[in-house]
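Hints in hand, dock the two standalone chains.
Chains as they are written, first to last, in this note's numbering: chain A, -1 to 476; chain G, 1338 to 1644.
Treat the hints as calculated values from the structure; they're not laboratory data. Be aware that one or more of the hints could be misleading.
[To be verified] Below, a list of computed lysine to aspartate or glutamate pairs in the EDC-like style, where the Cα atoms sit at most 20 Å apart:
1) A:K262 with G:D1481
2) G:K1414 with A:D442
3) A:K83 with G:E1398
4) A:K164 with A:D393
5) A:K454 with G:D1481
6) A:K35 with A:D24
All figures in this text were calculated on a predicted structure; none of them were measured in a lab.
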Amino acid sequence: MKFRTFLSTAGVLALTCASAPAADKDAADTAVEAAKKYAGTTISIVWEAGLQSLDPLNYSGPQWEKLTGIKVKVVEVPTDQMFTKIMQDFKSGAGAYDALNVIPSWMPDLARAGALEPLDKYADKFGYRDELQDIAAAYRDNQMQYDGKIYGFPDDGDVMLLYYRKDIFEDPKMKDEFKAKFGYELAPPKDWKQFDEIGQFITDKMAPKVYGAGFFRTAPYPQYMFQERFRMEGGKFFNADTMKATVNGDVGLKVFKQMVAENKFMPPGVEQWNFVDNLAAFLQGTTAMTISWPPYGRWAAGYGSGEEALKWVPKSQVAGKVGYALTPLGRPELGVGFDLSVSATSKNKEAAYLFIQWLNSKKTSLERVQLPYTLRDPFRLSHYASEKYRALWPDAPAYLDTIKTSGEKGLLDLSLLQQDKYDEAMTKAISSLWAGEDPKAILDRMAQQFDAITEKVGIENQKAVYKVWAAKPGAYPQ
Amino acid sequence: MALSASLNAAEERKPSRLGRVLEDRLPYLMVAPAILILLLVGLFPLIYSLIVSFQRITMTENDTSFVGLLNYAELFKDTRLWTSLGHTAIITVIALPLELLIGFLMAQLFVDRMPGRQLFVALLVLPTVISPIVAGATWRLMFDVRFGPIGQILSFFAGEPVRILWTVNPAYVYPAIIICEVWQWSPFMFLLLLAALSNVDQSQLEAAEIDGASYLRVLRGIVLPAIAPVIAVACLIRGLDLVRIFDIIWALTEGGPGSMTETISLYTYVQGFSQFETSYTAAISFLVIALLTLITTLVLKRMELAR
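Same shape as in the complex, but just chain G (with noise of 0.2 Å):
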């Protein structure tokens, strides 16, 4: 009896003011650490080089002074800045449709189920499970003029001496990084689509096979607009990857010959850490940040991937 008052009293009291506002933020105030967390770790660090690259900082002097927008108006004049972004686009470009076309290829021979399939998907994935930088400095060793494997091959075939100054050379430089590259990321796109690939509705795929539909019809009809929400997250994430590559070249060529293979992000390092342009360097992280965005937006708005 005194149980159930008491209970009835309870149900009966109202929260407070105060006992409301909480229960109102609750959820609020309990992500708030989070999120804190988060801007001191994300959005800090970013404000803060946005500030640095309004500066005069270099690592060997000690005027810190701001400088408005000069950092950002050297960048314009910076003719090997350019060039870098152009020697990133070009490898992205040829070496994304590249990856997507092998790991297509290799997805479409892996759907059907067959004995040891398992064994060799984990066996063609290997490469993604290495550092990139180990990648690019086994395939130095692998276009080696003298000890390297890849020219005694070609040395088999040719009946002659082959002698390929791979790393030197401005005529196989650029295939060199892209072979590599390809090598490695390659499996990455297979893996996406050999699960893409496997979620294909197969009572599809029967339909168009009774109705005597070529393989290129059902291709077109049938597979590409189902696997093609995977194809653009494929894409999106290794062109950023690409735009970001920096470990594989620094192994095969240092950016060289000369600055021919230099790519944004090695001319951003040498920059910062080997010519101390501490401010320039983070005008330069905000341009590239700014293009990224820009692409990454027109990109996603073309697939219609941004809903």
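Chain A extracted, bound-state conformation (with noise of 0.2 Å):
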């Protein structure tokens, strides 16, 4: 009896220490058990070319291949040239790429097309249905699907954070003169109004040593500033019905109009910045101000900066000194971010799949936004949450937090059909500005221009898309 007892026991143990590792298998470990069946093979992964091609080049890419055989080709490519890539190979049916790394406001028109692989076959079969529930809302409900239909994993939690200095707006002798003169605390701007009084007082007091703050300014960027503050002063792209352009109303002329304004606190010559210009003055205590993407606040902190690939980034004198806060009005532009897809001319799709399940999973996504010399920032729960990455600088905690209320109340970037031609006229007309052309001018010429583009679209076939866009809850503020 003894005996059976035992042997039955030691069955039980035997049978649920076999199972074990099974039950506790995460999306990676999934990903490569089953991707080891290609061993050999070669995948391709179109990636932005420069700093970000350093994960798969150096970290994920060597991983991927020690784990399961399967070699990655990284094919380089300039942000501005991925989309005319990938559609190029689509079109001539060459299949020179598996894997994809997407801009999400292209989803639209790639889906349409038919060059991405629907991969909601995929995540049930290799069980990614579960981890996807840990990407942050913001990014998950938004820049996943497009007409029903999974077309790519959210794999950069990009948005617009303020940065400012906190040993400037802490001092004493700083914070009573201003509450002395206007009558409220020195602290981040809640609005574009306190942006403004705090960004003068501070360029009265402090320049040319200090200015308020510096913005970058010369295209793609301020696009993206301004499509969250048009949102966020009342302002509708267009009207619903008609599809009638409906950026050049007061709203838009008012924010025009301000942006212009804020050019005279900031350095002379930011009209010319962009975001090396800017990251470099906000590090060096040029500006006390800033608004950028999250890798600014990792390297004002100093972190990464041995790192022989962060040379170009100039040593943060501020490392200790940033807060990290929302933007004015409290909803940041979500601003680009990446989504991880799978070509649907590729010869390897299920390799390509596995790959892409395997980088955007919690383990080795976790790995990958800690990588210092790379621009993918958190975009999961855990990234936030992640104790590890809380402890990689003293302000971490804070700017994790802030990342992840920033996502929380992230504002989408406009997506419709052919959406690269509006930010086109968009980017031209904000260059304008800095040129000192009239901003009503600039305004209607932009109108003007968005109505050629839907007319040339389809009026009808953009409604549809502009009407599933603006019911989004990140699209306009509510």
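Shown next as structure tokens:
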């Protein structure tokens, strides 16, 4: 009897032990196990050229090969050519690419054209649905599907944050003088009026050593800031019934005038600033406030400053002095982001899918968003909560909390058919703004261009896409 | 004896009819493969793009139906297209004479042999061997309002900070492009004109000198007529290059601010590779080809170079 009890107990234990790895298997392990049958093959993935590509080139690509025996060929393409390359490959049917990096606002065009492989069946087959729930809602609900099907896994928590100099904002003398002048506390601005008052105040007190704020102003970045401010001030891009552009109303005019006026308290020549100019100014302590994507926060804290790949980033003079906040009016633009997709013409669809599932999984993505030299930003609930990430620098918890809140409140980029054309019109318009052209004339021209694009795409087609986009909670502030 | 007999027989043997035909056509047969390749790589894309210009191809749609002359009709309504042609004309009309003048003056300086001439000439032509996109990027740094040496030099002479937004301010953006363009391509004019000036008949120049002719008289009466064909060819080459200008502007302004410096090449690129209007871009290209053919024919006729 005892022997039989021993045997049965041993049997149960053995079964439990044997099944335990299967039960604990996460999406990363599942992908690795399933991919082993493709060992010896090579898959190609389109990735943004430059810094971003160091992730698959140096980190995830070699790891995947080690785990599965599948080689990863990284096809580096500049951002502004990615859409074209993907479409060219699809139209020619060459099948040169297996996996793709896709900017979410391109998804309607790419999915409609048939260039992207629907991923639902793979996600079900390889048990990825559960882990998708860990992706922050802003990205999961808005950047993953088109027409009810999954075409990509959100892989980059792009969102605009306000960075400010805590040492200046908490300086007792500055605080007293500011309160005496404006009647409220010197703190991260809640709206654009406060932003202007604080910016001007700091410039008056500290320029030319420190200016109140600095922004990137060259194409294509400011159009995301315009999209955010325009909507937060009550603007709508189109009349939903007629699809006529409505960007040239009073709200657009107000925002354009404010944007031009703000340059006056920013450093001279700010009109020419690009991403790096603005980064350098903030890291060197020349500007007290700026708005940008999450990498600014990591680099300002000095995270990754020893990395060879980050030698081009100026050494932070403000480490430990940087605070993080929501942008004025509290609904920041999500601003671009990246999805991982599979090319419809790939000859290795399943292998490509398994690679992106592994990349995007909870476990692997947590490692990837901590790579200091790449620009992938936290996008999962588990990233925000990660103890490891939160211990990376003293203010990392505040940084991650702000990214999380910003993501939750984030406004979606406008995403219509042939969105690139609308983006170009906005970019050109803002560029004309810095040249001193009349804001009303610029807005009228932009509206005309919007209308011409809509007409060419087809008013009814576009109306349907706009209706779906505008109904999303992140499209217009509720 | 046997050998001479067979030679005589060969001489007397007349080639067959096929042999004669082959002999007549041999030159054509020899060049036929080359012509075929040229047709394939040159004419086929041209004809294919002409067909595309009558279709409705965009990269994002699957509709490839024929639309006749619709794309060409669209060209006439496209104000941005005509504005970009205007910008191209402005840049060409200003830069070309400047390059010619500067090239000519430099050539005049170097036409007489002097110590170190070759070294100086080599140094002077350096800008032309730089890629235009690099030249544009370099000048963008030179014009930078914070770190650029041009601002610092101007500030030194002005005695106060001079902050010119070269690539943003509409008053300076064309000068910036033309400075860069002239800097890079005047040496090309210089080289051609130096060669031409070196070949002017010395005896005529000496005779003019003995007769006491003024410099301007010599220039008008002897030098310019002698180098006129070279000037014409140089202007034609540079003129066509200026109409195609892309890299320098792309690096300096990307056609901005707004579309203020967008030339026809930039606009074609935007339509084709950023906005994916494949058929419409083909129509634009044919419009440009037609305009260029017309202008080139007129210029050649005017300069009597077509003969």
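We went through each hint and held it up to the structure:
Taking the CA atoms of A:K262 and G:D1481, the gap is near 18 Å; set against the 20 Å cutoff, the hint holds. Restraint check for G:K1414 and A:D442: satisfied, since their Cα atoms lie roughly 18 Å apart, inside the 20 Å limit. Our distance criterion of 20 Å between C-alpha atoms is met by A:K83 and G:E1398, whose separation comes to about 15 Å. A hinted pair counts as satisfied when its Cα atoms are at most 20 Å apart, and A:K164 with A:D393 qualifies at roughly 11 Å.
The suggested pairing of A:K454 with G:D1481 is violated, with an alpha-carbon distance near 39 Å, which exceeds 20 Å. Restraint check for A:K35 and A:D24: satisfied, since their Cα atoms lie roughly 18 Å apart, inside the 20 Å limit.
In summary, the one numbered hint that this structure violates is 5.
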